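Colleague: Each chain, letter by letter, is given below.
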Amino acid sequence: MKVSRLVQCIAWAVLAFLVLPSLLIAFMSFGTDPYLRFPPRGFTFDWYRLYFSDADWQSATLFSLKIAIVAAVIAAAISLSTAFGLERVSNPRLKESLRLVLLSPTVVPGIVSALAFYKLFSAVGLTGTFLGFVVAHTILATPFAYLCISSQLHAYDRTLETAARGLGATRLQTFIHVTLPLLSPSIVIGAIFSFLVSFDEAVVSFFISDTQGKTLPRKMFEDIDFSVSPVLAAVATTITVGTILLLAVITILQNRMKRIPSQQKE
Amino acid sequence: MTAASIVSSGRPLRLALGNRRALVALLLLAPALVLYVALYFVPLFDFLSLSVVDGGLSTAHFSTLLDMTYLSVLWRTLWMSALVGAICTALGFPVAYLMSRSSAIGAAAIGACVMVPLWTSVLLRTYAWTVVLQYRGVLNDLLLTLGLIDQPLRFMYSKGAVITVMVHVLLPYVVLPLYTNLASIPRELPTAARGLGATGLRIFIHVTLPLCLPGVIAGFTLVFVLSTGFFVVPSLVGGPASMMVATLIGREISENLNWAQGAAMSVVLLATATVCLAMLSRLRHMDKRQGSAA
Chain A
1 MKVSRLVQCI AWAVLAFLVL PSLLIAFMSF GTDPYLRFPP RGFTFDWYRL YFSDADWQSA
61 TLFSLKIAIV AAVIAAAISL STAFGLERVS NPRLKESLRL VLLSPTVVPG IVSALAFYKL
121 FSAVGLTGTF LGFVVAHTIL ATPFAYLCIS SQLHAYDRTL ETAARGLGAT RLQTFIHVTL
181 PLLSPSIVIG AIFSFLVSFD EAVVSFFISD TQGKTLPRKM FEDIDFSVSP VLAAVATTIT
241 VGTILLLAVI TILQNRMKRI PSQQKE
Chain B
1 MTAASIVSSG RPLRLALGNR RALVALLLLA PALVLYVALY FVPLFDFLSL SVVDGGLSTA
61 HFSTLLDMTY LSVLWRTLWM SALVGAICTA LGFPVAYLMS RSSAIGAAAI GACVMVPLWT
121 SVLLRTYAWT VVLQYRGVLN DLLLTLGLID QPLRFMYSKG AVITVMVHVL LPYVVLPLYT
181 NLASIPRELP TAARGLGATG LRIFIHVTLP LCLPGVIAGF TLVFVLSTGF FVVPSLVGGP
241 ASMMVATLIG REISENLNWA QGAAMSVVLL ATATVCLAML SRLRHMDKRQ GSAA
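In the order they appear, the protein sequences are chains A and B. According to this note's numbering, the first sequence holds residues 1 to 266 in order. According to this note's numbering, the second sequence holds residues 1 to 294 in order.
Everything labelled a hint here was simulated from the structure, so no lab data went into it. A few of these clues could be false.
Said to hold, decoys possible - Estimated spans, in silico, between C-beta atoms of each pair:
| hint | chain 1 | residue 1 | chain 2 | residue 2 | range |
| --- | --- | --- | --- | --- | --- |
| 1 | A | Pro92 | B | Leu201 | 42 to 50 angstroms |
| 2 | B | Leu118 | A | Phe45 | 54 to 62 angstroms |
| 3 | A | Ile244 | B | Arg284 | 31 to 39 angstroms |
| 4 | A | Phe130 | B | Leu27 | 22 to 30 angstroms |
| 5 | B | Glu188 | A | Arg49 | 57 to 65 angstroms |
| 6 | B | Asp67 | A | Ala55 | 27 to 35 angstroms |
| 7 | A | Asp210 | B | Ile105 | 32 to 40 angstroms |
| 8 | A | Arg165 | B | Leu27 | 16 to 24 angstroms |
| 9 | A | Ser122 | B | Tyr135 | 33 to 41 angstroms |
| 10 | A | Ala55 | B | Thr274 | 39 to 47 angstroms |
| 11 | B | Leu27 | A | Ser122 | 27 to 35 angstroms |
| 12 | B | Leu211 | A | Leu62 | 49 to 57 angstroms |
Claimed, not checked - Partial list, derived from the structure: chain B residues whose beta carbon lies under 8 angstroms from chain A:
| hint | residue |
| --- | --- |
| 13 | Leu28 |
| 14 | Val95 |
| 15 | Tyr127 |
| 16 | Gly200 |
For clarity, every value in this text was computed on a predicted model and none was experimentally measured. Note that beta-carbon positions come from the ideal geometry of N, C-alpha and C, so glycine has one too.
Start from the sequences, fold in the hints, and give me the full structure.
Modeller: Here it is as structure tokens:
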């Protein structure tokens with residue numbers, strides 16, 4: 001059945017509403033005027049050059065990158081361990097409660113988590129520190145990595161492991177040569193999502209930053225209020241392009257995962 | 001008990017094996033449990049408990065929430081979140097519908113338009129809207145050029161601005177569950193209804209809509225819950241008259257240093273989110289049971 005023209009028009013208008021603001025910012029970030037204007041005049045990479053050479057922007061970006069990478073790796077490792085651990089829990093009610101515990105950071109509103117971390121970190125002197133951010137971001141990102149890894153753990157054909165064991169592989173060999181390769185795309189996808197959660201996280205970072213240690217979102221938060229400089233547009237566009245590239249990697253990995261033999265559906 | 005006695009009798013051996021299994025499970029779960037309990041649940045409880053401690057135990061900070069200043073913000077948060085949920089559902093439906101009826105490539109293209117904003121930071125998207133809605137922003141420029149207005153309008157720092165940006169940020173959360181739901185409806189059903197003489201609108205009301213009600217409810221609830229806790233958007237594009245609970249909590253603590261009051265509001269906010277999501281999950285279970293019975 002064909003979709004009526006009216007519904008189509010509305011749908012495309014909504015999609016335009018979703019996409020246009022970011023496109024507009026990208027377009028305007030190349031203008032030569034020292035303030036954002038539409039339509040932009042001229043064409044320049046100056047604002048990007050300024051972003052990459054400014055010490056404040058550089059340190060905030062590097063700080064965010066470091067935190068996000070470490071948080072993503074830890075989140076993926078913890079999720080992997082937890083996914084295998086939960087498989088061994090046979091009591092369904094206990095299993096469900098443990099899953100809920102793990103997913104709880106997605107239910108608790110950001111502001112509430114932020115203040116809990118803020119109170120703890122200011123008591124022990126962790127505000128604005130690398131360790132503080134890594135702890136907070138790892139906790140917030142783990143649910144996303146866990147969902148990716150556990151769904152693949154339940155999806156792939158477990159007889160492959162039985163076959164490997166039957167052919168004489170030890171438990172460890174089976175894990176390294178069969179289980180891990182089958183899971184690896186989902187581990188990488190989980191890590192990328194965790195990276196994005198950490199890198200974009202603004203609410204917790206807003207509270208646990210200090211003047212020395214601030215992440216990129218926190219610096220942007222401050223600048224949005226005070227400046228109309230096109231540098232901010234250049235920063236935003238750079239991050240958006242990076243996000244699109246990472247999502248493309250995820251799509252490629254997801255397609256590869258489709259080729260992994262999956263369990264027979266009943 | 002010695003190792004030999006464990007091995008010699010059957011029952012303790014099984015017990016020991018069971019314990020081994022439990023031990024492995026516990027070891028595998030330990031990193032997550034330690035991290036979550038020590039560095040998340042304890043701090044959360046520590047913060048939220050400030051709401052009931054005032055010398056001794058007290059409910060004073062919750063009674064204060066009944067003052068007009070707090071009550072009006074709580075009420076505004078609820079109705080604005082409900083409105084954002086309703087608008088997102090209304091706007092998300094056509095997108096999900098078109099996506100479910102498109103070719104694989106079309107659906108992928110629409111999916112990309114939905115997924116990219118979903119994973120782009122809320123802060124960046126709010127920033128983009130400040131550029132559009134500013135006094136000397138894109139929208140005013142456009143309206144001036146078109147001659148629709150004589151002087152710039154004030155869009156920023158209003159409820160309308162907050163709602164617009166929140167709808168933009170939260171739309172993907174409706175489109176994705178609705179799409180999954182719509183894509184699972186057999187295509188023969190609407191065709192059959194048409195064959196039996198139903199018009200487009202009747203098919204929609206009597207066939208499509210009842211079948212995708214779970215997706216509609218899920219999307220709406222999700223957006224509602226996420227809206228009630230929104231901090232970034234109301235802080236940046238909202239003003240005093242469009243303040244929402246999360247912003248008020250932040251202000252109470254960072255400006256007034258009134259931790260107890262902030263904690264009390266946090267308890268209310270967390271309880272609202274938990275109740276809504278618990279209801280949603282109960283509904284889903286019921287839905288599944290009905291589905292398997294049918």
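Colleague: It remains to establish, for every hint, whether it holds in the given structure.
Modeller: Against the structure, the hints:
Our hint of 42 to 50 angstroms for A:Pro92 and B:Leu201 holds, since their Cβ atoms are close to 44 angstroms apart. A C-beta distance of roughly 29 angstroms is found between B:Leu118 and A:Phe45, which places it outside the suggested range of 54 to 62 angstroms. A hinted range of 31 to 39 angstroms holds for the C-beta pair A:Ile244 and B:Arg284, which are about 32 angstroms apart. At about 28 angstroms, the CB distance of A:Phe130 to B:Leu27 agrees with the hint of 22 to 30 angstroms.
For the pair B:Glu188 and A:Arg49, the beta carbons lie near 59 angstroms from each other, so the given range of 57 to 65 angstroms is met. B:Asp67 and A:Ala55 have their C-beta atoms about 46 angstroms apart, which leaves the hinted 27 to 35 angstroms range violated. Restraint check, A:Asp210 to B:Ile105: a C-beta distance of roughly 49 angstroms breaks the suggested window 32 to 40 angstroms. The given range of 16 to 24 angstroms is respected by A:Arg165 and B:Leu27, whose C-beta atoms sit roughly 21 angstroms from each other.
Hint check: A:Ser122 to B:Tyr135, Cβ distance near 37 angstroms, so the stated range 33 to 41 angstroms holds. At about 44 angstroms, the beta-carbon gap between A:Ala55 and B:Thr274 stays in the expected band of 39 to 47 angstroms. Distance hint check: the CB atoms of B:Leu27 and A:Ser122 are about 33 angstroms apart, consistent with the given range 27 to 35 angstroms. For the pair B:Leu211 and A:Leu62, the beta carbons lie near 50 angstroms from each other, so the given range of 49 to 57 angstroms is met.
Satisfaction of the interface hint for B:Leu28 is found here, the shortest Cβ-Cβ separation to chain A being roughly 3 angstroms, below the 8 angstroms cut-off. The restraint placing B:Val95 at the interface with chain A holds, with a minimum CB-CB distance near 5 angstroms, inside the 8 angstroms limit. A least Cβ separation of about 5 angstroms between B:Tyr127 and chain A falls short of the 8 angstroms threshold, and the interface hint therefore holds. Checking B:Gly200 against chain A by beta carbon gives a least distance of about 6 angstroms; that is within 8 angstroms, so the hint holds.
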